[in-house]
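A.B. asks: First to last, the sequence lines map onto chains A and B. Numbering of the first sequence is given in the working numbering, commencing with residue 1 and proceeding in unit increments. Numbering of the second sequence is given in the working numbering, commencing with residue 1 and proceeding in unit increments.
The set of hints was computed from the structure by calculation and includes no laboratory data. Virtual Cβ for every residue (Gly too), placed ideally from N, Cα, C. Treat the hints with care, as some may be off.
Stated by the list, open to error - Some chain B residues judged to face chain A by a derived CB distance under 10 Å, without partners named: (1) Arg20; (2) Gly46; (3) Arg70; (4) Gly82; (5) Val88; (6) Ile90.
As the list claims (entries may be wrong) - The following label-pair restraints were derived from C-beta to C-beta distances: (7) Arg148(A) - Asp15(B): 47 to 55 Å; (8) Asp79(B) - Arg183(A): 43 to 51 Å; (9) Ala9(B) - Pro66(A): 29 to 37 Å; (10) Pro89(A) - Gly36(B): 27 to 35 Å; (11) Asp180(A) - Asp15(B): 41 to 49 Å; (12) Asp79(B) - Leu29(A): 43 to 51 Å; (13) Arg100(A) - Gly14(B): 13 to 21 Å.
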Amino acid sequence: MNAPPDNATGSGDARGYYRRMQAAVEALLILKGVMSAEEVQREVQIMAARTYERGARMVARAWVDPAYKERMLANGKAACAELQIEVGPMHLIVLENTARVHNVVVCTLCSCYPRFLLGIPPDWYKSREYRSRVVREPRKVLEEFGTRLPADVDIRVHDSSADMRYMIMPLRPAGTEGLDQARLAAMITRDGLIGTALL
Amino acid sequence: MQAAEAVRARFRAGDRVRVRAATPPGHVRTPHYCRGHAGVVERVCGAFPNPEELAYGRAGEPALPLYRVRFASRELWADYAGSPGDAVEIEIFQNWLEPAN
Numbered sequence: 001m002n003a004p005p006d007n008a009t010g011s012g013d014a015r016g017y018y019r020r021m022q023a024a025v026e027a028l029l030i031l032k033g034v035m036s037a038e039e040v041q042r043e044v045q046i047m048a049a050r051t052y053e054r055g056a057r058m059v060a061r062a063w064v065d066p067a068y069k070e071r072m073l074a075n076g077k078a079a080c081a082e083l084q085i086e087v088g089p090m091h092l093i094v095l096e097n098t099a100r101v102h103n104v105v106v107c108t109l110c111s112c113y114p115r116f117l118l119g120i121p122p123d124w125y126k127s128r129e130y131r132s133r134v135v136r137e138p139r140k141v142l143e144e145f146g147t148r149l150p151a152d153v154d155i156r157v158h159d160s161s162a163d164m165r166y167m168i169m170p171l172r173p174a175g176t177e178g179l180d181q182a183r184l185a186a187m188i189t190r191d192g193l194i195g196t197a198l199l
Numbered sequence: 001m002q003a004a005e006a007v008r009a010r011f012r013a014g015d016r017v018r019v020r021a022a023t024p025p026g027h028v029r030t031p032h033y034c035r036g037h038a039g040v041v042e043r044v045c046g047a048f049p050n051p052e053e054l055a056y057g058r059a060g061e062p063a064l065p066l067y068r069v070r071f072a073s074r075e076l077w078a079d080y081a082g083s084p085g086d087a088v089e090i091e092i093f094q095n096w097l098e099p100a101n
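Same shape as in the complex, but just chain A (with noise of 0.2 Å):
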């Protein structure tokens, strides 16, 4: 097997090489006895279940039940738990958009996202472009996303860098009282949750 070619600019042949060798060191863990084929089957689709419905159903609640927000704006994980949504050990932080004050999360470091509660992240949020360019430019990045926020307007990025995992809640659209939660929750999208995008 080649030595890892360099990547330093996100090229060559780094995305196959790695490939080869998570798919060497899972046949060599099969092999061994240290688990099994169909439990790796069932990781993944476990996984590919979870999507981003159920924090977009935390975030409907929020809006309507003031106290629920400020327990999942106090304790993320103990507000998923509420709901009876499972999601094993991860360490949650909801963090709230205001008039004052944006937030975006990346992990510039690799892709660390909460998936126990939303599932897998999109390819974008795994990209070194991304990573690299959100701390450094988040205006700009966001604006490509479409997201055009004032001057007035505070951008926090907020760097997934060791246990925290974060899901944003973001601004309820004008306009939308008297909507029930299911209503609510069908109106937030993934990428409001990471906050690259406004309702």
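Following the hints, complete the assembly by docking chain B onto the known chain A.
C.D. replies: Below, chain B without anything else, positioned relative to chain A:
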């Protein structure tokens, strides 16, 4: 999460801290772009096993206090072109933090 033998938290929310300007070998989770820079502790997250040890199959104990530190974006990058209130908030382990003036 509080491990039974966690290192005691040295900082509190609101404390001004500086990230050590070090470049040790091996696996670290402190991004380069904040090393040497000062910020404010936004919250104490609890104590967690040291990832620099976990990466090599060690237990990473005693658990280290983990903080979210808020850095002004214009402090991180001299030519930052955004609002003065823009910030980057990063989780940083206690062994990388010193008190700042």
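A.B. asks: Report the numbers of all earlier hints that the structure fails to satisfy, in ascending order.
C.D. replies: 1 and 7
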